[in-house]
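K.L.:
Residue strings, one per chain:
2 protein chains.
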Amino acid sequence: MTKTIAELETPCVLIDIDRVEANLKRAQAHADANGYKLRPHIKTHKLPRFAKRQVELGAVGITAQKLGEAEVMADAGLNDIFLPYNIIGATKLGRLKALNDRVTLAVTADSPETVTGYAATFAGASRKLTVLVECDTGGERCGVQTQVQALALARQIAGTEGLRFGGLMTYSPPGGTDKAEAWLRQAVGLLKQAGLEPVVVTAGNTPDMWWTGESVVTERRPGTYIYYDRFQVQKGAASWDDCALAVLATVVSRPTSTRAVVDAGSKALTSDLLGQEGYGLVMGTDLVVKALSEEHGVIEMGTASDMPRIGDRLRIIPNHVCPVTNLFDSVNLVSGDAVIETVPVAARGRVD
Amino acid sequence: MTKTIAELETPCVLIDIDRVEANLKRAQAHADANGYKLRPHIKTHKLPRFAKRQVELGAVGITAQKLGEAEVMADAGLNDIFLPYNIIGATKLGRLKALNDRVTLAVTADSPETVTGYAATFAGASRKLTVLVECDTGGERCGVQTQVQALALARQIAGTEGLRFGGLMTYSPPGGTDKAEAWLRQAVGLLKQAGLEPVVVTAGNTPDMWWTGESVVTERRPGTYIYYDRFQVQKGAASWDDCALAVLATVVSRPTSTRAVVDAGSKALTSDLLGQEGYGLVMGTDLVVKALSEEHGVIEMGTASDMPRIGDRLRIIPNHVCPVTNLFDSVNLVSGDAVIETVPVAARGRVD
Chain A
398 MTKTIAELET PCVLIDIDRV EANLKRAQAH ADANGYKLRP HIKTHKLPRF
448 AKRQVELGAV GITAQKLGEA EVMADAGLND IFLPYNIIGA TKLGRLKALN
498 DRVTLAVTAD SPETVTGYAA TFAGASRKLT VLVECDTGGE RCGVQTQVQA
548 LALARQIAGT EGLRFGGLMT YSPPGGTDKA EAWLRQAVGL LKQAGLEPVV
598 VTAGNTPDMW WTGESVVTER RPGTYIYYDR FQVQKGAASW DDCALAVLAT
648 VVSRPTSTRA VVDAGSKALT SDLLGQEGYG LVMGTDLVVK ALSEEHGVIE
698 MGTASDMPRI GDRLRIIPNH VCPVTNLFDS VNLVSGDAVI ETVPVAARGR
748 VD
Chain B
398 MTKTIAELET PCVLIDIDRV EANLKRAQAH ADANGYKLRP HIKTHKLPRF
448 AKRQVELGAV GITAQKLGEA EVMADAGLND IFLPYNIIGA TKLGRLKALN
498 DRVTLAVTAD SPETVTGYAA TFAGASRKLT VLVECDTGGE RCGVQTQVQA
548 LALARQIAGT EGLRFGGLMT YSPPGGTDKA EAWLRQAVGL LKQAGLEPVV
598 VTAGNTPDMW WTGESVVTER RPGTYIYYDR FQVQKGAASW DDCALAVLAT
648 VVSRPTSTRA VVDAGSKALT SDLLGQEGYG LVMGTDLVVK ALSEEHGVIE
698 MGTASDMPRI GDRLRIIPNH VCPVTNLFDS VNLVSGDAVI ETVPVAARGR
748 VD
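As you go down the protein sequences, you meet chains A and B in turn. Quick note: to get our numbering, add 397 to the position in the first sequence (first position is 1). Quick note: to get our numbering, add 397 to the position in the second sequence (first position is 1).
Careful, some of the hints might be misleading.
Distance condition first, Cα-Cα at most 25 Å in a straight line; then the derived DSS-like pairs of lysine-lysine [claimed, not checked]: (1) Lys434/A x Lys589/A; (2) Lys632/A x Lys422/A; (3) Lys589/B x Lys687/B; (4) Lys632/B x Lys422/B; (5) Lys687/B x Lys576/A; (6) Lys434/B x Lys687/A; (7) Lys589/B x Lys434/B; (8) Lys449/A x Lys434/A; (9) Lys400/A x Lys494/B; (10) Lys632/B x Lys576/B; (11) Lys687/A x Lys632/B; (12) Lys449/A x Lys422/A; (13) Lys589/A x Lys525/A; (14) Lys494/A x Lys576/A; (15) Lys494/A x Lys400/B; (16) Lys589/A x Lys422/A; (17) Lys632/A x Lys687/B; (18) Lys687/A x Lys632/A; (19) Lys576/B x Lys687/A; (20) Lys434/B x Lys422/B; (21) Lys494/A x Lys449/A.
Restraint ranges, calculated between C-beta atoms of paired labels, are given here [unchecked claim]: (22) Trp637/A x Lys525/B: 40 to 48 Å; (23) Val740/A x Ala419/B: 37 to 45 Å; (24) Asp415/A x Thr399/B: 29 to 37 Å.
Simulated from the structure, these hints should not be mistaken for lab results. The C-beta atom is built at its ideal place from N, Cα and C for all residues, glycine as well.
Model the full structure from these sequences, guided by the hints.
P.N.:
Okay, here's the thing in structure tokens:
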């Protein structure tokens with residue numbers, strides 16, 4: 398007997414596997430048609446099975462944001478992992494070395510100090526560590542600030558025993574494509590002149606994934622495209638019908654004729670706003686979760702209505718799916734009304 | 398050999414057990430001196446050992462927000478649990494009945510529909526279910542809107558086989574004390590007239606816990622007071638030196654002379670703002686985490702400085718500690734520089 402969605406306890410996460418498959422195929426087709434490589438970020442799903450499916454469909458490998466996530470994926474058999482992070486400290490460097498011994502791995506650096514740490518760890522290692530230079534092309538997070546700094550760091554990497562210069566990486570905020578492109582183009586020019594042409598120039602995120610302009614970027618690292626969310630729809634990256642992840646919630650209170658309260662709060666939807674008003678949209682309606690506490694979501698309706706009723710179940714599209722995945726021990730893979738499987742979120746909570 | 402904080406991987410949660418003990422004792426002493434009962438909310442710590450300590454020190458029992466949290470606490474031996482939630486649906490009602498058979502339990506209702514669900518489940522039960530009426534005294538979440546509705550619901554509960562009317566409960570936003578007090582006072586008057594005097598009137602949160610005015614409230618349910626946080630300090634409920642929970646993070650990048658990036662992002666600090674600017678304060682400084690992505694926290698300094706350096710470790714006081722606890726599989730209990738024990742967060746992720 399197949400379980401149905403009606404039998405699930407709320408709040409819980411529903412993942413429409415048919416939409417997932419369509420989203421993965423569409424993105425891979427876009428990559429193939431536009432001459433870039435896809436290296437999906439697994440932070441969105443944190444599930445080895447979807448990482449494997451992404452690779453099966455043509456991804457060159459995966460991206461993970463923390464060592465702990467990469468270790469989970471390696472344990473599950475993923476063998477080409479990019480970790481766009483400055484790995485700092487003796488314990489983490491030891492874990493990095495162990496990981497590099499068993500999978501094709503690359504990391505980033507944005508400072509001489511970080512490269513020095515890699516150098517000390519990988520001097521004399523049987524397998525070199527591939528290091529890309531992280532560039533701040535507008536994201537205002539990590540990254541070298543100038544192309545000259547990028548070149549200096551590339552030289553340091555290339556000149557260090559045990560390390561291999563792997564190219565350039567940037568985190569740019571969604572919509573930052575043009576600025577990032579100009580920045581990277583100039584850096585690539587400088588590196589070429591110096592005889593250090595980058596093999597890989599990796600950038601991007603889900604909305605910018607759809608960019609079709611000419612680019613020096615060889616590889617894109619979208620994550621959210623597997624599920625999409627309210628932010629992505631607002632950015633034009635997808636339609637509501639592409640959204641593959643919803644939080645299923647139950648109406649537990651109708652205190653007024655315009656207010657409904659559901660059992661999904663910030664512990665299910667997160668407080669991420671990403672510029673949206675409210676914390677999520679009720680699928681198939683224009684109702685928004687206006688306020689959250691940890692275990693309650695408050696929906697305010699424009700006009701009085703006796704719907705939804707206490708006990709009704711609503712599917713809520715979160716503003717941002719990635720941190721939602723990180724809150725649940727397991728997610729439900731569904732197709733139509735059937736729950737195909739409930740799977741543990743293998744890389745959940747891997748913060749270090 | 399005792400482990401030291403310097404040996405911990407980052408990001409991680411540090412809990413200063415000496416501050417915890419002082420915070421718990423101070424609150425209990427306040428309750429004793431001011432004639433109210435303390436029923437701490439365990440959502441903040443989610444740890445049976447601290448729940449037990451709260452009871453040892455004089456709390457009448459604990460509060461849990463979801464059935465799953467209450468079940469974890471009951472499994473650990475806590476035997477007086479208040480669950481201020483509308484429990485809806487057959488499966489959850491079955492779990493509620495099982496829980497009521499093994500601990501002293503009370504729940505809430507704010508609608509006839511919720512009471513009807515309890516009635517169907519507990520008709521003929523060997524142990525009655527205690528049900529309090531939830532009142533919306535300004536929190537604009539769940540709760541009856543008028544005192545007349547509170548009376549009607551109390552009558553429905555008291556007149557139903559298997560149920561016992563337990564009193565009034567309110568969730569009021571911090572600082573809403575006066576309004577809540579007036580609301581509840583009128584409700585209590587109406588109930589007394591009807592011969593349904595509430596045994597328990599339960600309210601409150603951490604900042605309002607310190608209120609010393611005359612009150613019809615018999616019981617307060619603060620949670621955050623065990624650890625405190627940036628919001629509580631801003632509200633005047635505690636000082637920075639009372640803050641018992643910090644996220645330990647490592648500086649992984651110094652991209653500019655005014656920017657430092659740490660390895661704690663929204664997956665460690667959450668995106669909760671609670672009216673604060675930024676996402677947390679670096680202990681012992683005036684530095685604020687200005688921007689977050691999932692695995693990065695960006696600190697912008699007012700003036701150029703070569704401190705902190707890459708590899709330095711910072712302790713960050715989050716805006717709101719409760720959801721932070723929910724992100725980590727385990728927390729580190731520390732005293733001075735020593736890590737006394739690393740304990741799993743037993744009730745983490747119990748959303749249903």
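K.L.:
Compare the structure with each hint and give your call.
P.N.:
Evaluated hints:
1. Lys434/A x Lys589/A: holds, 21 Å
2. Lys632/A x Lys422/A: holds, 20 Å
3. Lys589/B x Lys687/B: The hint is violated at about 52 Å.
4. Lys632/B x Lys422/B: Holds - the C-alpha atoms of Lys422/B and Lys632/B are around 20 Å apart, at most 25 Å.
5. Lys687/B x Lys576/A: holds, 23 Å
6. Lys434/B x Lys687/A: violated, 33 Å
7. Lys589/B x Lys434/B: holds, 21 Å
8. Lys449/A x Lys434/A: Given pair Lys449/A, Lys434/A holds - Cα atoms ~16 Å apart, limit 25 Å.
9. Lys400/A x Lys494/B: Holds. Lys400/A to Lys494/B sits at ~24 Å (cutoff 25 Å).
10. Lys632/B x Lys576/B: Satisfied, since the Cα-Cα distance of roughly 18 Å is no more than 25 Å.
11. Lys687/A x Lys632/B: holds, 24 Å
12. Lys449/A x Lys422/A: holds, 13 Å
13. Lys589/A x Lys525/A: holds, 22 Å
14. Lys494/A x Lys576/A: Violated, at about 35 Å.
15. Lys494/A x Lys400/B: Roughly 24 Å between the alpha carbons, so the hint for Lys494/A and Lys400/B holds.
16. Lys589/A x Lys422/A: violated, 34 Å
17. Lys632/A x Lys687/B: Given pair Lys632/A, Lys687/B holds - Cα atoms ~24 Å apart, limit 25 Å.
18. Lys687/A x Lys632/A: holds, 20 Å
19. Lys576/B x Lys687/A: holds, 23 Å
20. Lys434/B x Lys422/B: Holds, at about 14 Å.
21. Lys494/A x Lys449/A: holds, 23 Å
22. Trp637/A x Lys525/B: 40 to 48 Å: Given range 40 to 48 Å: holds, Cβ gap about 47 Å.
23. Val740/A x Ala419/B: 37 to 45 Å: holds, 43 Å
24. Asp415/A x Thr399/B: 29 to 37 Å: violated, 53 Å
When the structure is compared with the earlier hints, violations turn up for hints 3, 6, 14, 16, 24 and for no others.
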